[in-house]
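Build the full structure now, drawing on both the sequences and the hints.
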Amino acid sequence: EAQVTQNPRYLITVTGKKLTVTCSQNMNHEYMSWYRQDPGLGLRQIYYSMNVEVTDKGDVPEGYKVSRKEKRNFPLILESPSPNQTSLYFCASSLEQSNQPQHFGDGTRLSIL
Amino acid sequence: SQQGEEDPQALSIQEGENATMNCSYKTSINNLQWYRQNSGRGLVHLILIRSNEREKHSGRLRVTLDTSKKSSSLLITASRAADTASYFCATDIRGGSEKLVFGKGTKLTVNP
Numbered sequence: 367e368a369q370v371t372q373n374p375r376y377l378i379t380v381t382g383k384k385l386t387v388t389c390s391q392n393m394n395h396e397y398m399s400w401y402r403q404d405p406g407l408g409l410r411q412i413y414y415s416m417n418v419e420v421t422d423k424g425d426v427p428e429g430y431k432v433s434r435k436e437k438r439n440f441p442l443i444l445e446s447p448s449p450n451q452t453s454l455y456f457c458a459s460s461l462e463q464s465n466q467p468q469h470f471g472d473g474t475r476l477s478i479l
Numbered sequence: 021s022q023q024g025e026e027d028p029q030a031l032s033i034q035e036g037e038n039a040t041m042n043c044s045y046k047t048s049i050n051n052l053q054w055y056r057q058n059s060g061r062g063l064v065h066l067i068l069i070r071s072n073e074r075e076k077h078s079g080r081l082r083v084t085l086d087t088s089k090k091s092s093s094l095l096i097t098a099s100r101a102a103d104t105a106s107y108f109c110a111t112d113i114r115g116g117s118e119k120l121v122f123g124k125g126t127k128l129t130v131n132p
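Residue numbers (the numbering used here), protein chains in the order written: chain F, 367 to 479; chain U, 21 to 132.
Hints listed in this document are in silico derivations from the structure and should not be mistaken for laboratory results.
Some hints here could point you the wrong way.
[What the hints assert, rightly or not] No farther apart than 27 Å at their CA atoms in a straight line, the calculated lysine-lysine pairs in the DSSO-like style are these:
(1) Lys119/U to Lys76/U
(2) Lys76/U to Lys127/U
(3) Lys89/U to Lys76/U
(4) Lys89/U to Lys46/U
(5) Lys437/F to Lys119/U
(6) Lys127/U to Lys90/U
(7) Lys127/U to Lys431/F
(8) Lys384/F to Lys435/F
(9) Lys119/U to Lys423/F
(10) Lys119/U to Lys89/U
(11) Lys46/U to Lys423/F
(12) Lys383/F to Lys423/F
(13) Lys46/U to Lys119/U
(14) Lys435/F to Lys119/U
(15) Lys90/U to Lys119/U
(16) Lys383/F to Lys435/F
(17) Lys76/U to Lys423/F
(18) Lys431/F to Lys383/F
[Claimed, not checked] What follows is a set of in silico ranges between Cβ atoms, one per label pair, in the way DEER data are often shown:
(19) Thr386/F to Arg100/U: 38 to 44 Å
(20) Asp472/F to Gly115/U: 31 to 37 Å
(21) Thr452/F to Thr40/U: 45 to 51 Å
(22) Lys384/F to Lys76/U: 40 to 46 Å
(23) Glu428/F to Arg114/U: 41 to 47 Å
(24) Thr381/F to Ala102/U: 20 to 26 Å
Computed from a prediction, not measured in an experiment: that's the story for all the values here.
Glycine included, each C-beta is placed from N, C-alpha and C at the ideal position.
What follows is the structure in structure tokens.
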């Protein structure tokens, strides 16, 4: 089944403790991206990647890192999480570009205390 | 700033009625996409309309695009309780980066 898989689905952690949210897709997609969703603010793009070893900032990249060492994986790294990063995070992928249908994961709910 | 903005923010209708949601954007686009999100779940792609298209249909969905007004509308006909969800438009930016910008969404409630 074609899918985007995020892990973990839920995480409660503390300020400053490094964490990684994994994202994997099995559709051989080139374009992958991360979003955060906050009440009243909608979805905002954090980072995106056009292909392996090619990443670029979205609208809200501060406090986040990403890597794209393999085509299927696009982990989101919070080196020193802070409470303002408490949010619902989504990973998405598409065939080649942002202007193509995006396939979304089921989301990761992060709470930073 | 948001590229796409939907209105209304919330819409409540009875089953069988039509629901119309609007999206406005600011810059020239290659295409515009509509997504649905059931509560707390990932977004699901509904329909994509290219900048040179004016109208597109998919089942009970009808999307229009007016590039002169930089606006789009999503019409759901004969709505069902299962259509209850939030609906988002998303736009890329022509000649710009590969960012995809989502609006804040319209929350649709269809009452049985």
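We went through each hint and held it up to the structure:
For the hint pairing Lys119/U with Lys76/U, the CA-to-CA distance comes to about 24 Å; that is within 27 Å, so the pair holds. Annotation: proposed proximity of Lys76/U to Lys127/U holds, straight-line Cα distance about 22 Å (limit 27 Å). About 17 Å separates the Cα atoms of Lys89/U and Lys76/U, which keeps this hinted pair within 27 Å; it holds. Only pairs whose Cα atoms come within 27 Å are accepted, and Lys89/U paired with Lys46/U is accepted, the gap being roughly 9 Å.
Between Lys437/F and Lys119/U, the direct Cα distance comes to roughly 19 Å. Compliance with the 27 Å bound is thereby established for this hinted pair. For the hint pairing Lys127/U with Lys90/U, the CA-to-CA distance comes to about 22 Å; that is within 27 Å, so the pair holds. Distance restraint check for Lys127/U and Lys431/F: the Cα-Cα separation of roughly 31 Å exceeds the 27 Å cut-off, and the hinted pair is therefore not satisfied. Annotation: proposed proximity of Lys384/F to Lys435/F holds, straight-line Cα distance about 20 Å (limit 27 Å).
Between Lys119/U and Lys423/F the alpha-carbon distance is near 9 Å, which keeps this suggested pair within the 27 Å criterion. Distance hint between Lys119/U and Lys89/U is fulfilled; the C-alpha atoms sit about 22 Å from each other, no more than 27 Å. Pair hint Lys46/U plus Lys423/F holds up; C-alpha atoms about 20 Å apart against a cutoff of 27 Å. Restraint check for Lys383/F and Lys423/F: satisfied, since their Cα atoms lie roughly 23 Å apart, inside the 27 Å limit.
In summary, the hint linking Lys46/U to Lys119/U is supported, as the alpha carbons are separated by about 14 Å, within the 27 Å threshold. With a C-alpha separation of about 20 Å, the suggested pairing of Lys435/F with Lys119/U holds against the 27 Å cut-off. Taken as a hint, the Lys90/U and Lys119/U pair is honoured in the structure, with Cα atoms around 18 Å apart against an allowance of 27 Å. With a CA separation close to 23 Å, the supplied pair Lys383/F and Lys435/F stays within the 27 Å bound.
Of the supplied pair hints, the one linking Lys76/U and Lys423/F is violated, its CA atoms being roughly 32 Å apart against a limit of 27 Å. A distance of roughly 14 Å separates the Cα atoms of Lys431/F and Lys383/F; the hinted pair therefore holds under the 27 Å criterion. Taking the beta carbon of each, Thr386/F and Arg100/U are about 40 Å apart, inside 38 to 44 Å as hinted. A C-beta distance of roughly 33 Å is found between Asp472/F and Gly115/U, which places it inside the suggested range of 31 to 37 Å.
Range check, Thr452/F to Thr40/U: Cβ separation about 34 Å, and the 45 to 51 Å hint is violated. The hinted range of 40 to 46 Å is satisfied by Lys384/F and Lys76/U, whose Cβ atoms lie roughly 45 Å apart. About 27 Å separates the C-beta atoms of Glu428/F and Arg114/U, a value inconsistent with the hinted range of 41 to 47 Å. The beta-carbon spacing between Thr381/F and Ala102/U, approximately 41 Å, falls outside the hinted interval of 20 to 26 Å.
In terms of the numbered hints stated before, the structure departs from hints 7, 17, 21, 23 and 24, listed from lowest to highest.
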